[in-house]
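Those protein sequence lines, which keep their order, are chains B, S and E. Numbering of the first sequence is given in UniProt numbering, commencing with residue 1 and proceeding in unit increments. Numbering of the second sequence is given in UniProt numbering, commencing with residue 1 and proceeding in unit increments. Numbering of the third sequence is given in UniProt numbering, commencing with residue 1 and proceeding in unit increments.
Everything labelled a hint here was simulated from the structure, so no lab data went into it. Every residue gets a Cβ at the ideal spot worked out from N, C-alpha and C, and that includes glycine. No false leads were mixed into what you were given.
The calculated DSSO-like cross-link candidates involving lysine-lysine, where the alpha carbons are at most 27 angstroms apart (straight line), are: (1) K95(S) with K99(B); (2) K165(B) with K97(B); (3) K37(B) with K56(S); (4) K99(B) with K56(S); (5) K246(B) with K498(B); (6) K95(S) with K97(B); (7) K68(S) with K103(E).
One side of the interface only, derived from the structure: several residues of chain S facing chain E at Cβ under 10 angstroms: (8) E42; (9) A45; (10) Q46; (11) L49; (12) S54; (13) L64.
Below are the chains, spelled out letter by letter.
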Amino acid sequence: MYQYTDFDEAFVRTRVAQFRGQVERRIDGSLTEDEFKPLRLMNGLYLQLHAYMLRVAIPYGTINPGQMRQLAMIAERWDRGYGHFTTRQNIQFNWPKLKDVPDILDALADVQMHAIQTSGNTIRNVTADHFAGAAADEIEDPRPYAELLRQWSTDHPEFQFLPRKFKIAVTGSPNDRAVTKSHDIGLRMVRNAAGTPGFEVIVGGGLGRTPMIGKVVRDFLPVEDLLPYCEAIVSVWNLLGRRDNKYKARIKITVHEHGIEEISRLVEERFATLKAAFGGADQALLANIRAAFAPPVFAERPTDGFEAARLANPAFAAWADVNLAPHKAPGHAIVTISLKKHGATPGDATADQMRAMADLAERYGYGELRISHEQNVILPHVHKADLPEVYARLRAADLATANVGLVSDIIACPGMDYCALATARSIPIAQEIAERFEALKIEHEVGPLKIKISGCINACGHHHVGHIGILGLDRAGVENYQVTLGGDHTEDAVVGEKTGPGFSADEITGAIERIVFAYLDLREGPEETFLQAYRRVGMQPFKAALYEKDRADAA
Amino acid sequence: MSRQFTPKVVTANALLEGDAVWLTEDDRWTRDIAEAELIEDEAHAQIRLIDAQSRKAEVVGAYLADAKAGTAGPEPVHFREAFRTRGPSNYAHGKQEHASRP
Amino acid sequence: MPLDTLPAVRAAALNGRYRHHGATAVLEHALRDPDVGRTALVSSFGAESVVLLHLVSIIDRTTPVLFIDTEMLFAETLVYQQEVAERLHLQDVRVIRADPARKAAIDPDDTLHLRDTDACCDLRKTVPLQTALEDFDSWITGRKRYQGGKRSDLDFFEAEGDLRIKVNPLVHWTTQDLQDYIAENRLPRHPLVAQGYPSIGCAPCTSRVADGEDARAGRWRGTEKDECGIHFVNGKLVRGPLPAAVEMAATDTAPETARDETNGAPAAPETTETVMNVIVTDDGFGPDDWTGGFAAPAEATTQEVGIDLPPDTAPDALETVLDAPLVRIDFPSFSDGRGFTLARLLRLRGYRGRLRAKGHLIADQYAMARRAGFDEVEIDGELAARQPEDQWRARADWQAHDYQSRLRARIPA
Chain B
1 MYQYTDFDEA FVRTRVAQFR GQVERRIDGS LTEDEFKPLR LMNGLYLQLH AYMLRVAIPY
61 GTINPGQMRQ LAMIAERWDR GYGHFTTRQN IQFNWPKLKD VPDILDALAD VQMHAIQTSG
121 NTIRNVTADH FAGAAADEIE DPRPYAELLR QWSTDHPEFQ FLPRKFKIAV TGSPNDRAVT
181 KSHDIGLRMV RNAAGTPGFE VIVGGGLGRT PMIGKVVRDF LPVEDLLPYC EAIVSVWNLL
241 GRRDNKYKAR IKITVHEHGI EEISRLVEER FATLKAAFGG ADQALLANIR AAFAPPVFAE
301 RPTDGFEAAR LANPAFAAWA DVNLAPHKAP GHAIVTISLK KHGATPGDAT ADQMRAMADL
361 AERYGYGELR ISHEQNVILP HVHKADLPEV YARLRAADLA TANVGLVSDI IACPGMDYCA
421 LATARSIPIA QEIAERFEAL KIEHEVGPLK IKISGCINAC GHHHVGHIGI LGLDRAGVEN
481 YQVTLGGDHT EDAVVGEKTG PGFSADEITG AIERIVFAYL DLREGPEETF LQAYRRVGMQ
541 PFKAALYEKD RADAA
Chain S
1 MSRQFTPKVV TANALLEGDA VWLTEDDRWT RDIAEAELIE DEAHAQIRLI DAQSRKAEVV
61 GAYLADAKAG TAGPEPVHFR EAFRTRGPSN YAHGKQEHAS RP
Chain E
1 MPLDTLPAVR AAALNGRYRH HGATAVLEHA LRDPDVGRTA LVSSFGAESV VLLHLVSIID
61 RTTPVLFIDT EMLFAETLVY QQEVAERLHL QDVRVIRADP ARKAAIDPDD TLHLRDTDAC
121 CDLRKTVPLQ TALEDFDSWI TGRKRYQGGK RSDLDFFEAE GDLRIKVNPL VHWTTQDLQD
181 YIAENRLPRH PLVAQGYPSI GCAPCTSRVA DGEDARAGRW RGTEKDECGI HFVNGKLVRG
241 PLPAAVEMAA TDTAPETARD ETNGAPAAPE TTETVMNVIV TDDGFGPDDW TGGFAAPAEA
301 TTQEVGIDLP PDTAPDALET VLDAPLVRID FPSFSDGRGF TLARLLRLRG YRGRLRAKGH
361 LIADQYAMAR RAGFDEVEID GELAARQPED QWRARADWQA HDYQSRLRAR IPA
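Work out the full structure, taking the sequences as your base and the hints as a guide.
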């Protein structure tokens with residue numbers, strides 16, 4: 001993976017020193033809270049319900065064992081012994097003290113990490129397919145482009161005070177695992193007629209208060225035009241985007257108000273101006289970055305041990321069935337480590353667990369780890385022969401939950417247990433649903449089903465694109481949960497449809513159970529997934545089951 | 001038919017620690033809402049809020065939160081404010097960790 | 001003219017005397033002219049009140065300022081009131097509130113506004129003000145002609161029945177004049193303005209104003225009410241516009257001429273240099289050495305004048321200023337980053353002249369400004385005091401650690 005150059009190193013160190021000064025100046029009064037706030041946000045520091053929260057960037061979700069161990073150290077030294085992996089491939093520490101934050105940032109810089117631009121009205125951490133570099137269906141590893149975008153967007157002088165936040169996602173596969181259609185800019189790798197890889201550029205997607213599926217602004221962008229083209233989009237929006245109303249400031253609204261044709265015209269015009277400003281250094285840099293992401297030399301060994309263990313150990317087989325994905329190299333698999341143990345907090349890992357995962361990556365995974373937007377950790381390259389041992393060690397670390405892609409693999413934002421913006425809790429709902437289905441022992445029977453929970457309209461939990469989405473609201477001082485069905489986060493992105501009136505915290509788990517039982521009744525067979533069944537039969541039968549109270553008692 | 005003024009407490013987050021604090025009658029910031037000043041008069045509430053907002057070196061984001069009189073002192077009304085007095089529901093890492101009262 | 005002459009007669013005489021004057025002159029004389037008598041400024045400390053307060057503070061900061069606290073104001077207004085009074089060194093701010101006994105009798109649970117907004121205004125605003133004004137022969141208001149349909153015939157001086165004279169120095173100002181004045185003088189803005197409340201009164205009766213709506217539309221939204229009842233006719237309260245007879249007696253001058261005499265702009269520039277602005281460059285703080293003046297692009301009559309660009313300048317309009325010796329781009333707030341893109345586009349289109357960022361930029365943005373193409377930053381004295389030179393010079397190293405210059409270098413093919 002990419003190693004910092006001297007330039008990156010000096011940049012991050014300088015930035016920490018600046019933030020140390022800014023913290024001191026806030027405390028001595030030369031910066032007001034109003035002025036300090038955007039500066040601390042640019043360095044990932046929020047003030048939440050119970051404490052400050054530091055959001056550390058894990059650019060495009062790629063992290064090495066040394067970095068993971070440093071996160072464990074930070075969790076123990078300055079926090080409460082754990083960290084929370086987020087839907088934007090970041091990690092959040094929930095309990096830092098203001099004065100400690102510069103020291104934490106220094107500790108991050110020691111392992112080539114930072115918290116820059118993980119918040120604020122700027123270009124945020126660039127996210128990518130969490131199977132990048134390993135997936136069998138990949139055209140090209142998207143991470144070199146993501147790293148190029150990271151360097152370009154970092155400290156970009158024009159784009160630190162944008163109308164609102166700006167998020168870019170990139171995928172190297174036609175099968176979109178990076179939710180590109182819900183980002184301000186989505187980059188999906190495709191081939192043109194000549195077979196040359198390039199990007200389909202999608203603009204104006206977003207979740208939140210006004211969910212919108214992004215629109216294609218350019219069918220095929222040659223990869224060498226990536227920076228000037230993205231710069232043109234952000235530059236046009238920086239002048240055109242609304243600053244009078246923060247709910248209308250995101251580019252999705254700008255695109256909606258001006259139309260994709262007009263935006264496309266303005267972007268192409270600006271692109272013509274900006275392209276001239278790039279003199280080739282970016283392409284030279286890209287070549288270096290590409291070299292840094294060269295895949296490891298994959299070992300060629302027999303996989304007999306894997307097959308034998310599958311037959312001998314049903315628990316291992318169940319885990320292998322759902323937690324493994326096809327790898328491009330023969331004899332290898334992609335391992336998803338579930339951070340969704342039934343009843344645990346989605347996305348949380350203790351310091352010990354972080355170290356256990358780092359050890360596994362070092363010993364069996366070519367030294368690579370990824371964080372997924374679904375709040376799990378990935379070992380992207382594991383030889384199948386090593387899987388029984390990997391599984392045994394995961395079990396020892398309480399990390400062997402076999403539920404990836406199933407009902408209990410729930411995305412949940414921190415919600416009102418931590419977040420100052422939340423209107424209801426998310427975590428206890430996720431915990432209760434997972435425990436309910438664990439007790440029923442039916443989640444493997446139910447098959448692929450994505451539940452996503454947000455604790456407020458801002459939709460950090462991606463509820464709009466969950467097969468079942470849950471949105472927590474405050475209705476007259478009581479938590480209330482609204483359900484949507486049929487959302488899809490992939491290249492066929494769809495925003496889910498509301499079922500009707502919401503449910504109280506006590507009722508919501510039963511409501512989800514009724515939906516799942518309705519699916520089991522309605523499906524044509526085990527091979528028809530929830531989403532397929534929903535698309536076939538529509539909302540009505542689910543709605544009938546959902547609001548028919550007697551059914552829950554009978555079930 | 002008449003609208004009663006809902007009693008308030010002044011609350012904020014501590015600048016250095018970041019945790020929830022409440023303003024007492026004698027102008028201290030307390031970490032226990034029961035020690036806070038329960039304000040029953042709207043005009044007085046505004047004045048106390050202004051006092052609190054001027055203490056920029058101690059707290060961030062002061063605001064008035066609805067409260068009611070309890071046996072030991074003011075108690076929160078809204079569930080959000082109740083969480084602020086305790087901490088998150090998934091771990092005992094907030095104020096509940098050091099809770100002195102049951 | 002003795003003070004016991006009828007106010008209507010005195011107002012007519014005063015309007016004749018000051019018909020050719022601008023706001024500052026009217027105010028200055030109002031505070032000294034014996035025909036005006038003892039005078040007070042009545043201020044809501046609302047969105048635009050700071051203009052009049054500033055004008056008064058410059059002429060005579062001992063002028064009594066009456067602040068009506070309805071006890072239903074936004075907390076932000078109360079904070080702002082203190083801040084403005086301190087900043088302008090106003091020495092005689094008198095907070096006017098309803099008599100507690102009367103309030104207890106009429107509105108014990110603060111719900112009157114829900115039933116009868118007029119009665120509420122009466123209790124909390126009109127009566128307390130009337131009582132407070134008993135000590136004065138005249139009072140100064142911030143009312144403007146444009147402010148609502150019902151005020152379009154206002155004049156500088158109005159008789160208020162036979163009680164006293166009302167002085168309206170800002171009668172010919174427009175919203176833009178006020179905004180310019182606030183910006184020129186770096187006056188603190190009411191915090192709620194940024195949130196969409198251009199006209200600020202009591203919290204329960206004020207809502208936000210949508211784009212393009214009349215600025216006062218947010219007040220008393222959803223009711224017929226349009227004017228606060230602070231008017232007296234023959235010693236009796238009236239609401240809404242003054243009756244025609246009184247209006248005529250008070251108005252014997254063509255209102256348009258007064259504005260012409262102010263050269264189309266508020267007569268205030270002489271007061272703008274009370275706090276010197278500072279120019280920040282890589283060498284630190286310095287005075288402004290630019291003597292060529294500034295004009296909007298459309299009003300630049302010579303090649304030598306500096307051009308002022310607002311943040312909403314369209315990219316195509318940049319073509320017209322490429323030959324200017326100095327371009328100054330306004331930053332209305334440090335969180336509004338449009339100026340950075342405008343600067344960059346200007347440079348990309350070949351502008352080689354002096355480029356200045358002006359307004360609310362903070363020291364931590366100095367490097368961004370320089371990298372975007374600015375040569376210098378103009379800040380006000382208050383900000384310079386709070387963020388002294390060393391904090392700005394700390395970012396004079398803006399050329400170091402810059403990803404952009406690294407990415408954009410020209411590599412020979």
